[in-house]
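2 protein chains.
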Amino acid sequence: MSIKSIAFIGLGAMGAPMAENLVKRQFRVTGFDMRQEARQALVNAGGHAADSAKAAATGADALVLMVVNAAQARSVLFEAGALEALAPSASVFLMATCPPGEAEAIAAAVEKTGRHLVDAPVSGGIAGARGATLTIMVGATQESFALARPVLDAMGDKVFHVGFKPGQGATVKTVNQLLCGVHIAAAAEALSLAEKAGIDGALLFEIMGGSAASSWMLKDRGPRMLLDDAPIASAVDIFVKDLGIVLDAGRSAKTALPLAAAAHQMFLASSGLGHGARDDSQVVRAYRALNAKPANDP
Amino acid sequence: MSIKSIAFIGLGAMGAPMAENLVKRQFRVTGFDMRQEARQALVNAGGHAADSAKAAATGADALVLMVVNAAQARSVLFEAGALEALAPSASVFLMATCPPGEAEAIAAAVEKTGRHLVDAPVSGGIAGARGATLTIMVGATQESFALARPVLDAMGDKVFHVGFKPGQGATVKTVNQLLCGVHIAAAAEALSLAEKAGIDGALLFEIMGGSAASSWMLKDRGPRMLLDDAPIASAVDIFVKDLGIVLDAGRSAKTALPLAAAAHQMFLASSGLGHGARDDSQVVRAYRALNAKPANDP
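These protein sequences, in sequence, are chains R and L. One point on numbering: in our numbering, the residue at position 269 of the first sequence is 269, and numbering is uninterrupted. One point on numbering: in our numbering, the residue at position 24 of the second sequence is 24, and numbering is uninterrupted.
Treat each hint with caution, since some may be false.
With beta-carbon atoms standing in for the labels, derived distance ranges [stated by the list, open to error]:
no. : chain 1 : residue 1 : chain 2 : residue 2 : range
1   : R       : Ala108    : L       : Lys219    : 24 to 32 Å
2   : R       : Ala105    : L       : Ile238    : 24 to 32 Å
3   : L       : Ala277    : R       : Lys219    : 50 to 58 Å
4   : L       : Ile232    : R       : Pro231    : 26 to 34 Å
5   : L       : Ala71     : R       : Lys219    : 34 to 42 Å
6   : L       : Glu206    : R       : Gly81     : 36 to 44 Å
35 Å max Cα-Cα, derived DSBU-like pairs, lysine-lysine [said to hold, decoys possible]:
no. : chain 1 : residue 1 : chain 2 : residue 2
7   : R       : Lys112    : R       : Lys219
8   : R       : Lys158    : L       : Lys219
9   : L       : Lys241    : R       : Lys196
10  : L       : Lys24     : L       : Lys54
11  : L       : Lys54     : R       : Lys219
12  : R       : Lys196    : L       : Lys112
13  : L       : Lys54     : R       : Lys112
14  : L       : Lys165    : R       : Lys241
15  : R       : Lys254    : L       : Lys196
16  : R       : Lys219    : L       : Lys165
17  : R       : Lys196    : L       : Lys196
18  : R       : Lys158    : L       : Lys196
19  : L       : Lys158    : R       : Lys196
20  : R       : Lys219    : L       : Lys196
21  : R       : Lys165    : L       : Lys219
Output of the computed footprint for chain R on chain L, the stretches with three or more beta carbons under 8 Å from beta carbons of chain R [claimed, not checked]:
no. : region
22  : 67 to 73
23  : 111 to 121
24  : 168 to 174
25  : 252 to 263
Everything labelled a hint here was simulated from the structure, so no lab data went into it. For clarity, every value in this text was computed on a predicted model and none was experimentally measured. Just so you know, even glycine gets a beta-carbon here, dropped at the ideal spot from N, CA and C.
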């Protein structure tokens, strides 16, 4: 009853190396992506390719959805017909970042067909996807989790079963994004106050990075806030979306999130100022628009 | 012209080991503190004691102020007469956490007498004070800093000359507190959302501590948020004060600080709910008051 054949939908920057890691662990992986070169790359790595999501899913023991959002996941499952094409007791891995309520709703629809839903969003970025060192936050029944475990272990080395209900994995990922977004905005706010007083930004981040004021994001994004043309690791508009998901989750759960709400405003303003496609460190541009350095400052 | 004799005012949990580290480096240290046992401890460690701040300062090359706040620093300097008792070109080390505007004003009054003002707040806590591993953020003229350096090196191993104007050290310390306060509140906010969804708090902090969502404060304060009776490392009311200083600095500089303002509200509310003397991790109690777990949750 273990999972042997896997349909993998979404062979992007994260999905492609994740699918290849499944191939390396001897799963029979059939991939689908709109881009022909992405399908070919999986074949070159020892996998298989299909011409549609439904064709990839036909008879498979599992379906991994590494698509952009919940809407795409719904489209693949319910409109493209991938769900009904799967083996009768197959497992569906929902690995895209989705609002917790959406993950719950998708789970209900999948489980109604007798199949398993494994709510399993990831963090760790492209490096984690390549190295099979992703953090995977799983909401699933004990039975679904046990069945899913070998598949998850092939993609991540920090697999956490955070709750028995689908949607709880999505909640933990949502909380992760809350912290990441607030920490980026906090670093920008700190820089903004320091610059107003004529403090050198690079020195500021050096000092803060070695003190109790440090965060992973301050060390990573801080230096990029000081660049006029910061290389784009992840865009401002991704946090416009992700902090939006955080606040939607807060609304659904009737939970006040004052810091996340304030941080969201700053990402929104930065996007509104025309910087949505820039690196997310450039939320600092919204702070600079608010708190311009005095003209007579060096 | 180098500093040989030092008056040290404020022999508390931080000040006492800092004064002892100066003794170890062969400075002649004369301490004053209201508590007799604190004076005696310094004598036992090879220093000297005086019966008043003025007596300690008389003829000394330097005066270190490791008092509670700017008001106490003013009182020692201007009311108790320590400033005028110092050698004519002595250096005054303002090491208490003060609002940047206060540090500037004190500097102006000290420099008017021909003496040096070294604005030099610290971070690193009691462990840093004992191990002479404090971070020291210095705003001072080049000349004052050069003169001060051997004294600072005896107390900290991360000495940063952040600007040539007194008040700039205080600004960097203020920015440090902005980040610390926001990061503690963000961890509490994250926990609040996760608890509402039935996620285990200890597991949440384990996952977040190993991801891009991590901060020094999340790792340090997070676990204490889960305790009903958290040991007190630093109190809620300290952040009521320190984030107040942050916002006052923002007002003076006409700088909007939306995250710091939101975080301050949560520390204020926690204090208002009667938790001001509890460990600062207990800002989570304000979040729990807002976002109570549903009664039917486990």
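Taking the hints in turn, this is what the structure says about them:
| no. | hint | result |
| --- | --- | --- |
| 1 | R:Ala108 to L:Lys219: 24 to 32 Å | 36 Å, violated |
| 2 | R:Ala105 to L:Ile238: 24 to 32 Å | 45 Å, violated |
| 3 | L:Ala277 to R:Lys219: 50 to 58 Å | 33 Å, violated |
| 4 | L:Ile232 to R:Pro231: 26 to 34 Å | 44 Å, violated |
| 5 | L:Ala71 to R:Lys219: 34 to 42 Å | 36 Å, holds |
| 6 | L:Glu206 to R:Gly81: 36 to 44 Å | 39 Å, holds |
| 7 | R:Lys112 to R:Lys219 | 46 Å, violated |
| 8 | R:Lys158 to L:Lys219 | 17 Å, holds |
| 9 | L:Lys241 to R:Lys196 | 22 Å, holds |
| 10 | L:Lys24 to L:Lys54 | 24 Å, holds |
| 11 | L:Lys54 to R:Lys219 | 45 Å, violated |
| 12 | R:Lys196 to L:Lys112 | 26 Å, holds |
| 13 | L:Lys54 to R:Lys112 | 82 Å, violated |
| 14 | L:Lys165 to R:Lys241 | 42 Å, violated |
| 15 | R:Lys254 to L:Lys196 | 9 Å, holds |
| 16 | R:Lys219 to L:Lys165 | 27 Å, holds |
| 17 | R:Lys196 to L:Lys196 | 39 Å, violated |
| 18 | R:Lys158 to L:Lys196 | 24 Å, holds |
| 19 | L:Lys158 to R:Lys196 | 24 Å, holds |
| 20 | R:Lys219 to L:Lys196 | 30 Å, holds |
| 21 | R:Lys165 to L:Lys219 | 27 Å, holds |
| 22 | 67 to 73 | violated (count 0) |
| 23 | 111 to 121 | violated (count 0) |
| 24 | 168 to 174 | holds (count 4) |
| 25 | 252 to 263 | holds (count 11) |
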